[in-house]
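Based on these hints, arrange chains Z and L on the given structure of chain E.
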Amino acid sequence: MSGERGEQPLLQVEELRVEFPTEDGIVHAVDGITYQVHRGRTLGIVGESGSGKSVASLTTLGLTRGQGANISGRILFEGRDLLTLPDRQLRAVRGNEIAMVFQDPLSSLHPFYKVGAQLIEAIRAHREVSTAHAREHAVELLGLVGIPDPRRRVEEFPHEFSGGMRQRAMIAMALINDPKLLIADEPTTALDVTVQAQILALLERLQRELGMAIVIITHDLGVVAEMADDVAVMYAGRIVETASTELVFAHPEHPYTWGLLKSIPTLTGGREEDLVPIPGTPPSLIRRPSGCHFHPRCPYAQPDHARIDPRLEPVEGASSHQVACLLGAHARQRLWRELSAGRMPAEALAAAGLAEDGR
Amino acid sequence: MFSIRTILPALLALAAGGAALALAACGSSSSSANTGLNTPQGVLTPANEPQSGGHRGGTLTVLNHTDFEHIDPGTSYFSNDYEAMYATQRPLYSYKPNNVTTPTPDMAESDPQISSDGKNITIHIRHGVHFSPPVNREVTSADVAYALERAANPNVANPYYLGYLGAVEGVPKANGGPVPGIRTPNKYTLELHLTEPKAQLVAASLVLPYSAAVPADYAKRFDAQKPSEYGNYQVATGPYMFKANAEGKVLGTGYQPGKSATLVRNPNWNASTDFRPAYLDQINIQIGGDTNVIGRQVLEGSHMIQNDTPAQSIVKLAYEKFRSQLEISPNAGDHYIAINNSKGPFTNVNLRKAYWAALDREAMNKARGGSLVTILMTHYLWPETPGFEAAGGYAGPKVDYNEHPQGDMAVAEKYMKLAGYPSGKYTGGKTLTVVGSTGNPEPEDAQIATQALNKLGFKTKLNLVDKSVMYSKYCGVVSEAIDVCPNVGWVADFGDAQAVLNVPFNGKLIVANGTNSNWGLVNHQKINEAMTAAEKVQGKEARANAWANIDRELVGEAVAVPYDWDKQAQIQSKDVAGVGDLWNIGSWDYNYTSLK
Amino acid sequence: MINYIVRRLLWGLVLLIAVTALIFILFRVLPTADPATLRAGRLQSPKIIAEIRADLGLDKSLPAQFWIYLKGILLHFNLGYSYYSGASVKSLLFDRLPATVSLVLGGAVVWVTAGMTVGILSALRPRSRRDRASMGGALLLVSAPEYWLGLIVLYLFAADIGQLRIFPGSGSYVPLTTDPVKWFTSLLLPWFVVAAGNAAIYARLMRSSLIETMGQDYIRTARAKGLSERRVVMHHGVRAAINPILTILALDVGVLLGSAVLVETVFNIPGIGRLNYDAITHADFPIIQGTVLMAALFIIVANILVDIAYAYLDPRVRYS
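Those protein sequence lines, which keep their order, are chains E, Z and L.
If you're matching positions, the first sequence starts at 1 in our numbering and goes up one per residue.
If you're matching positions, the second sequence starts at 1 in our numbering and goes up one per residue.
If you're matching positions, the third sequence starts at 1 in our numbering and goes up one per residue.
Just so you know, the hints here were simulated from the structure itself, not pulled from any lab data.
Treat the hints with care, as some may be off.
[What the hints assert, rightly or not] Pairs of lysine-lysine residues, derived as BS3-like cross-links and limited to a Cα-Cα distance of at most 27 Å, are as follows: (1) Z:Lys226 / L:Lys90; (2) L:Lys60 / Z:Lys259; (3) L:Lys47 / Z:Lys173; (4) Z:Lys220 / L:Lys182; (5) L:Lys47 / Z:Lys249; (6) Z:Lys243 / L:Lys90; (7) Z:Lys526 / Z:Lys459; (8) L:Lys60 / Z:Lys226.
The structure presented is a predicted model; accordingly, all values stated were derived computationally and were not measured.
So here's chain E without its partners, still in its complex pose (with noise of 0.2 Å):
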């Protein structure tokens, strides 16, 4: 992370395991995870379905603690310990101080209550003020977020809403109380691409004129490319690397990132540059591969990382650039050459002449 300002983030994680008991086993949704997000900036979080992005951050909230799940670690918010806190405060900085934008909208908002009374009910829920006081506040952030005539729509109830304006309704919601941290679980994933453009830019111009920090939480590189200042990428409930997005995007060091990138399909690639899909799929997070997680969907595996769990450790020369990869950096470095320049994994590993020991 950017640690630029030198000044306290505005939330910080610190080694956060969260693991639910099943019948099935343990499942370890996040494994140790520590990140920082600052006022003012943008921490995006990418990762597949199942690598424990979402579980993170309904745990800053406590959205996790009814459900019997183990949670250690800290997560400080403003120097206090979110974890620790109990219900009642807790409940104070929900939607308040700290306040969290789901993916569907359809399904996110009550179907039976109107708009305008849900928008209300979240004002209410943490300030003393008159309902004709609050109704005017809802119909403030509607048009703030750029729904047309809110003054109506404050009145209808949110299946009268098209897709975009029932999302843009749900951000209104968030951020009536002027929380000082928006945590967007896939915002867009639900909507149009033109849509999602749009919503993007919203939240951009929010951030701006608002000043407060955004956690964006996506599987699609696009949208942190669009909106991150920093990145996360998250594997089997562990961060594997972090760093600014420009850092993340000219010089990926994982190469479960490296999949992530080249699985996108560019304007600037040629017709023939064929796609390079990442083989396998997610693994159990109750029964999770030894060594290093992702092992088994790597090209470039070797056979000691069956055995060894690499830690997240600085880059060379990048020290907010970390990484947990056991493949040396000059190899990671030669392979990332190969595989930008358009070859398959396989060409890339064996032009990339890799020693015995990965180096």
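Just chains Z and L now, kept in the frame of chain E:
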């Protein structure tokens, strides 16, 4: 969402151990003081209970499971109905509760005068008896004549008049209008002229409610309705009346069908003209409820009686824990198995005898409640009836198929062989149709009866239906040709042997279309002729002997398989001095009952 | 919306006529007792039976009888007269209706309250001991036959025959207008019996409906807004979970209004159900037709009310 509650009748277990719904009960006469009841110690019977014991006044609460069928005195024909009828109406003659040797003149002033040729009856009407409001005036012979005439009116539809008044000149063709054979030479005299010498029978029938006076001027407009509305606006001559509103309307005030009835004192009743003491001021009848519950309410409560058949478990409870509150009355009719004498396998007399021999009659009675409420039935005239002793008494005629109450397969086999089945078992192809009734304990009896048939080798198909359906649609309907009806029973209209034997067993009365009470379609020419002759016999002793002989012949033909001479149980609260009517299956009599 | 209601009402009318016709046919075709014969009694001559049959109008053809009956209802609101007592069916029905309504509506209040409470509590802690206990108890109550349960409570708690003499016993019902206090106390035991099985069903219904609802995304949103758990459960959860319950409730009450005969019999409450049963044993057709018609009317009205209510309960539903 549908659940058990929408499946109606099958789940309601009605305890109807005793007298059946559609039958009526009336008088009887006993030939001797010994009732041979085998009544256990401490249980009341109408013969031994005191005729008074409480004080004057108060309100009696009656809990009845069954509603009235008809409260019009010209139509009612049911023991339940009679309880109210004989408190509110005064027929020409009626029975005192425990004196069933002779009817007492009621609206009549004295015994009927019968001419020597047996074709004329003269009756003198009592002076000074008045109708209740709103009619108020004195009762005259014209009113009694009208009561008898309206019996023939289809709007009134009296169910029994034809069998008794049919001998009166002009009655068979009558339609409710004046009848030539019914004459009123003056205000207090009634004359009946008969076409046949049946005066004894006709006079005996005048204890039935149809002889209770009905004011023509008041009733005519009601009798013109289809059906007659007179019952809902009736006036009374007895000590009590159905509570009415100012216009005289009973329906909705004194009688709410299915809910309640209220009897209050008749303000125009003159005690000096009547033998009834009438202690109670008011009788509140509550209709409905579960028989087990109302039985307990009566036994544990105060100033209450149940005046229809109590549940078997209640009778048992009363016998064990509330013995002084239990009354058991003989003469409550019989139950037997009607077998089709006219069609099917049982036209063969030997098969009928075989079935009689095979049946475990004791098991049938055990299912009904055992010796407390049943007596083993061995022939067709029952205890208390004239001719009972001559017909064989309790043991009955000494024929081998009658000797073993528990059933005897050896004797049964003998008759099967005589019937032409050398193996001792039925080998014919016919499957017997058996129709019984639902309720309690009829299905058990039907099962036992069917098992006996199966033991004889018969294949059977048993059907249980609602009792009224059984009587009106299956048993006794010629076209249905049902082979066996195990749940039928008979109660006599009054204490004459003819009333016990004629209707159930006289082939001449069978109608081809419609229902018969001769459920076995018994039709033996010799016996029919004997009955026709016996109808005309005059003199109590002679009649008793004539009908006793007929009973023996019926046994000889094994026309039906007997099992139960019924005794009826009644219950009362501990502070009621109940008086039961021997002639009405022991029902508590409102005219004599008092509160302690 | 108005169009919709009018159309439903018209269809309801058609349905009522169809139901009447069906009952008409059923009771004349199936082997029930013949009312003319029942009225005439034994020893009756066929001539008299025929006259009675003519009196009762049973000799006309089936369509003719039906037409006469229908005309009576539509033109004069006359439902005929009892074959036995001559009382007008209409007056009997209206006389008996308040008792049944008291029983059913009161019972409904009890079972909805009890069922919802238990259901909500169970849903919030699924598979807990509390949940298992209450669902087990519910199973027991559902399985108890109503009639048997009625007898049991009487033998245990009735003031006249019970072991603990607390509540008024069978036959103590009086109309509300006669004595409100006695009316209320006499209905306590019957309400319990009516409610017992249903409370169990509704508890299970509420439980599963709420469990499903609480897994919805909008519940997560509500929590994320920082609302108290109580508000999340009641205002967001129960409010959504309750819709199927209300539908079923309206139908249950509609059906029960026409058919509470078992409870009415055990407690001797003079209601429509018992009237119907008594009429069936006597083959008193006019009353049977009247009660069935009334029961059908209740169900049809209940259905319409539910549909209308749904438009208010669930804004996504709209009728053209």
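Quick rundown of the hints versus the structure:
1. Pair hint Lys226 (chain Z) plus Lys90 (chain L) holds up; C-alpha atoms about 18 Å apart against a cutoff of 27 Å.
2. A distance of roughly 32 Å separates the Cα atoms of Lys60 (chain L) and Lys259 (chain Z); the hinted pair therefore is violated under the 27 Å criterion.
3. Taking the CA atoms of Lys47 (chain L) and Lys173 (chain Z), the gap is near 10 Å; set against the 27 Å cutoff, the hint holds.
4. Among the hinted pairs, Lys220 (chain Z) with Lys182 (chain L) is inconsistent with the structure: their alpha-carbon atoms are about 43 Å apart, more than 27 Å.
5. Note on Lys47 (chain L) and Lys249 (chain Z): the hinted pairing is violated, with a Cα-Cα distance of about 31 Å set against a maximum of 27 Å.
6. Proximity of Lys243 (chain Z) to Lys90 (chain L) is assessed by CA-CA distance (about 22 Å); at most 27 Å being required, the pair is judged to hold.
7. Distance restraint check for Lys526 (chain Z) and Lys459 (chain Z): the Cα-Cα separation of roughly 32 Å exceeds the 27 Å cut-off, and the hinted pair is therefore not satisfied.
8. This hinted pair checks out: Lys60 (chain L) and Lys226 (chain Z) have alpha carbons roughly 16 Å apart, not beyond 27 Å.
Consistency note: the structure conflicts with the earlier hints numbered 2, 4, 5, 7.
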